[in-house]
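Number of protein chains: 6
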Amino acid sequence: MNILAIGAHPDDIELSCGGTLAKYAKQGHKVFTATTTNGNIGSAVLPMEEIAKIRKEEARRAAAIIGAEYLCLDYDDEMLYDDRSVRVNMINLIRYCQPDLIITHSPDDYNPDHELTSKIVTPNKPCDKIPLLAYFESASGVGFIPTEYVDITDVWEVKKAMCNCHQSQIAWMSANYKETVGDSNFLDDVEVSARYRGIQCGVKYAEGFRMAYNAHRIVPYRVLP
Amino acid sequence: MNILAIGAHPDDIELSCGGTLAKYAKQGHKVFTATTTNGNIGSAVLPMEEIAKIRKEEARRAAAIIGAEYLCLDYDDEMLYDDRSVRVNMINLIRYCQPDLIITHSPDDYNPDHELTSKIVTPNKPCDKIPLLAYFESASGVGFIPTEYVDITDVWEVKKAMCNCHQSQIAWMSANYKETVGDSNFLDDVEVSARYRGIQCGVKYAEGFRMAYNAHRIVPYRVLP
Amino acid sequence: MNILAIGAHPDDIELSCGGTLAKYAKQGHKVFTATTTNGNIGSAVLPMEEIAKIRKEEARRAAAIIGAEYLCLDYDDEMLYDDRSVRVNMINLIRYCQPDLIITHSPDDYNPDHELTSKIVTPNKPCDKIPLLAYFESASGVGFIPTEYVDITDVWEVKKAMCNCHQSQIAWMSANYKETVGDSNFLDDVEVSARYRGIQCGVKYAEGFRMAYNAHRIVPYRVLP
Amino acid sequence: MNILAIGAHPDDIELSCGGTLAKYAKQGHKVFTATTTNGNIGSAVLPMEEIAKIRKEEARRAAAIIGAEYLCLDYDDEMLYDDRSVRVNMINLIRYCQPDLIITHSPDDYNPDHELTSKIVTPNKPCDKIPLLAYFESASGVGFIPTEYVDITDVWEVKKAMCNCHQSQIAWMSANYKETVGDSNFLDDVEVSARYRGIQCGVKYAEGFRMAYNAHRIVPYRVLP
Amino acid sequence: MNILAIGAHPDDIELSCGGTLAKYAKQGHKVFTATTTNGNIGSAVLPMEEIAKIRKEEARRAAAIIGAEYLCLDYDDEMLYDDRSVRVNMINLIRYCQPDLIITHSPDDYNPDHELTSKIVTPNKPCDKIPLLAYFESASGVGFIPTEYVDITDVWEVKKAMCNCHQSQIAWMSANYKETVGDSNFLDDVEVSARYRGIQCGVKYAEGFRMAYNAHRIVPYRVLP
Amino acid sequence: MNILAIGAHPDDIELSCGGTLAKYAKQGHKVFTATTTNGNIGSAVLPMEEIAKIRKEEARRAAAIIGAEYLCLDYDDEMLYDDRSVRVNMINLIRYCQPDLIITHSPDDYNPDHELTSKIVTPNKPCDKIPLLAYFESASGVGFIPTEYVDITDVWEVKKAMCNCHQSQIAWMSANYKETVGDSNFLDDVEVSARYRGIQCGVKYAEGFRMAYNAHRIVPYRVLP
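Which chain is which? The protein sequence lines are A, B, C, D, E and F, in order.
If you read the first sequence in our numbering, its first letter stands for residue 57, the second for the next number, and so on.
If you read the second sequence in our numbering, its first letter stands for residue 57, the second for the next number, and so on.
If you read the third sequence in our numbering, its first letter stands for residue 57, the second for the next number, and so on.
If you read the fourth sequence in our numbering, its first letter stands for residue 57, the second for the next number, and so on.
If you read the fifth sequence in our numbering, its first letter stands for residue 57, the second for the next number, and so on.
If you read the sixth sequence in our numbering, its first letter stands for residue 57, the second for the next number, and so on.
Here chain A stands alone, though its shape is the one from the complex:
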């Protein structure tokens, strides 16, 4: 199969479904990762062009770990809104990847870029294959009740490596949350979440998803690895 994971910002995908993508890749499926924005707000000191370049390179390297191709629609961070340009670019992205499955944000996520990304992946017929659709959860999992779990125990180190590529974001997150959470280590949090979902489904590490309807259709078999 062709798998297309679409997030709003570089690092969304790795945090939320990096293990599942690693598993797909390991099984021989073709994996694409894409972001609608280039994450150019993710620095308090660097110029926007520079941090965008860094973050896209980090996303490219994370994708490379599992042999995936990274694509970026290059919209400005926190500035993704619905217009003809984003619709056309999304359709073209889907046509390029010819996905059997799209994995993206949940449409009731809290961030406007996340939410719009989720909503525009479902034109009625973007390409010959109408892709299936799964929603991943946000980094902290708030308000998300998974209906399917993927056991990522055997690819846990790969997921960690993928997340670890996002050094600029890790630095930024650590700085932001220092006051409230103290010396929270961002990657520790990713591990806690994977362990938590693992407890719920009886394995060491897991990721949670909801299968979604696309063009009225869900399928009577398991699509997730």
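Some hints could be false.
Pairs involving identical chains hold if they fit within one copy or between any two copies, as the list cannot separate such chains.
[Claimed, not checked] Derived pair list, reagent style PhoX-like, types lysine-lysine, alpha-carbon separation capped at 25 Å:
id : residue 1 : residue 2
1  : K181      : K112
2  : K260      : K216
3  : K260      : K112
4  : K260      : K109
5  : K82       : K260
6  : K112      : K82
7  : K185      : K86
8  : K175      : K185
9  : K216      : K82
10 : K82       : K175
11 : K82       : K185
12 : K181      : K260
13 : K216      : K109
14 : K86       : K181
I should point out that these hints are in silico values taken from the structure, not numbers from a laboratory.
Dock chains B, C, D, E and F against chain A, hints included.
For chains B, C, D, E and F alone, coordinates are given in the frame of chain A:
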């Protein structure tokens, strides 16, 4: 009463509430059908202008069966996004129809055109009468729990005839779903859905709806026929 | 695997998950069907003992079609309430069947027998294997949003034959619903429901389920056939 | 029609659907009110037999205002649990009243007596007519989203008179809530709730309900007055 | 703390959280009120510029009562849609106010201006402090289940005075609703709602809220006054 | 305040709200812990009387760590059903503890003992003080969306010590889950859950709760520590 049914694409209305509209028309109410887009993506071979023309003519003929007037905002299929133009056109549409009741997509539908259509029908005061609001379900009914049902048994043949006007869409749908569903006949599916909702409310054929708040108001009597 | 389907009344299982059980049986799994009551209210003319005997025989024959064993806790119809007896009998039933998976009513079903049956299948540790748990939907599917579907197209005739064993209930249902639904044929309704769930998942006939937590656990792979 | 309103305690019905019952009675329908318990906990000073007698008399007088018949299953207050006795008595009550519609507590109410009362009104076939089913909301309306409203403006004084019959409960409630709510007048609260639901549906006073499935059936027309 | 209440239209804030803002102000917190639109549709007779000017002045005076600063993004009423301009202006507004807490519409409100306002207040990092987030309910409270209540009994007269500043809107609302609700006094409705929420939490007057996640975070202590 | 935590089985309380209880105790509140059953199923080798004695002693010692009093209704494990005895014993328990707040299972928990325990703590007036009510989540947190969080970072070691008292249950759980989860350490899972809820509310360790209505009432201030 004046009834305005608004769908995103030609055929959405007939599939989802054609029977209810037929019943309203039979009772002497004035019915308008409208689509925000012209459905110009609905062909794999025809130029966009040509398929748009065909689909609008199909919608016009479906409306004519029940003596309804068809109106089209003529936006490009899969390209309906929120901006001043669509807001103004929607307000003007509502002003033209002076509806007592608007029937449209549910706001948590899976397609971005459907969703936006649903959301922009509720400006605070589009015209002197603030219309009531009902949501119809999508063609496959996924994730929709009706709170009201309309018995369409006596207008079932009329609904079928209205759906049957959409020959170009029937051909397109059949082609798309051939691989997965085999020789699925699109109109058979419409009948199964109407029968299913009928079973739930104790009649032969039915359509399901949710009454929605508009300008904070629902009414303490039945509006649906 | 050992599969245990538990319904409150004879015919609940066949209507709601007969196809899925047929599929499991066909794949070589050991299938048990059980009812908590003997359905002894299901006649307007026969003595309770007699109709109970008839209905259990019908359930036994339906099970026999797929080589399943039928078991009955033999409580009075509409008189299943929570007490030590029903808890002990349920644990003993589970111990006898040693199920890997239990399939039963949804806990928010409308009938008190259905609801209690659903709730008491989850003692913390009924036997060495803690069974997984799936909920089937009620006959009319009201208020149920499936998260998993089973394609029963290839066993559709088997499901029909299983349902057809319940002649006494078919007669009773037809009599009850005559006034409201007219000449509704009970088995036609079963077919409409299977076709409706089929449309939602892209096949001819399907059954819908929700996987449920039992002893905190769901699994990261598909259990349904 | 025959209408049967069943509450757990004397005063539940008058508070939650007294206006609707008054309206039914005014329209010539036959109304029954019933309680599963006799409210014998509702006093801090009187012996249980005595307060039970008082409360039943209050309920009888409230019913008499609208020409309704009051029936009591006479279980002890806060001691209604599920067993054969309560199931049999409920079936007999329904048989006596031959209701076309039962109105009762919502099954997710916070009080165990309320909840059980709600759940046991739905045996599969209590009598020849399978009654329709509506849920009223609790006195404070918490967690309840009505799908239907009844305009009780023209019977508001009747509802107030019905509630006013429950003097022993009004005294008890006032005493209980004195510390937290101060000099809260119980009947004032009833008026606020009716006004609040009225605002939501555009009238002066209203009551809110959810239509529920009974024996899989809801109807495609309005049953509430 | 710095508190920023953002509504779509002048008067939304006062109706929904005026009491809570008054309480914050009384406790010495710095309060900002803001609207994304200028409410320039809110008159059937005045030119848009004129009614906008009036409504902003009314909002300014309402804010002044509690010593709050009023800010307006000045978009046209019923014409707030998502684009770069509104995103940039929202970020600048947040930067100006440096809020510890933002209070705004619920994202599933019925009006498109309300909904967009709610959704765009959550960019990932609008300023150094990532604000907490609370949702207020719409004027009629439909479909809203509060998880936190604020006792506004001691500031009730202040809230009334704030609402009373919106004379142009009161006149407009009264005119609109005359046909359905008769001589409904708009401020009476505000009092009924506050009393209703008060009943639910055991005080005379209250306002209801839901705490929301912003940048994955809610806090383990009470933020509301 | 007097705090009463009621679980179905010894260890439910410590796992789910041990930290919160520790915090209450530290603040000088009087804490009671209680279980409706004695956990006498929790061993594959010991006689029921013996394991019951052990588990009650473990619960007593866990309570003692925070100076709490442990009470047991002594029903058989997996055999708690609704009858007069359990209702009376619950009322007596509440009268003995005179709680300002009861913390218990969520009513939609998966285990029948948990669920019944949750439902019977809300008689209309068990004692002079009508207690407030909070629901804790199950050990694996499935299907639970907290609306309030308690920061238990400063009492984390106390919670661990309380959980650690339940050696018999830890052994039993480890044995049960060995096949599926491998060498899962039960206390590790408790830590993962506390860390996960901590991430969601910005602290190191947290517990999640939902405040519930009891006798129609929630309060407009924070009750949790």
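So, going through the hints one by one against the coordinates:
{"no.": "1", "hint": "K181 <-> K112", "verdict": "between (29 Å within a copy, 19 Å between copies)"}
{"no.": "2", "hint": "K260 <-> K216", "verdict": "both (14 Å within a copy, 21 Å between copies)"}
{"no.": "3", "hint": "K260 <-> K112", "verdict": "neither (31 Å within a copy, 31 Å between copies)"}
{"no.": "4", "hint": "K260 <-> K109", "verdict": "neither (35 Å within a copy, 33 Å between copies)"}
{"no.": "5", "hint": "K82 <-> K260", "verdict": "within (19 Å within a copy, 33 Å between copies)"}
{"no.": "6", "hint": "K112 <-> K82", "verdict": "within (23 Å within a copy, 48 Å between copies)"}
{"no.": "7", "hint": "K185 <-> K86", "verdict": "within (15 Å within a copy, 38 Å between copies)"}
{"no.": "8", "hint": "K175 <-> K185", "verdict": "within (19 Å within a copy, 29 Å between copies)"}
{"no.": "9", "hint": "K216 <-> K82", "verdict": "within (16 Å within a copy, 39 Å between copies)"}
{"no.": "10", "hint": "K82 <-> K175", "verdict": "neither (29 Å within a copy, 38 Å between copies)"}
{"no.": "11", "hint": "K82 <-> K185", "verdict": "within (23 Å within a copy, 32 Å between copies)"}
{"no.": "12", "hint": "K181 <-> K260", "verdict": "between (38 Å within a copy, 22 Å between copies)"}
{"no.": "13", "hint": "K216 <-> K109", "verdict": "within (22 Å within a copy, 46 Å between copies)"}
{"no.": "14", "hint": "K86 <-> K181", "verdict": "within (21 Å within a copy, 34 Å between copies)"}
Consistency with the previously given hints fails for numbers 3, 4, 10, ordered from lowest to highest.
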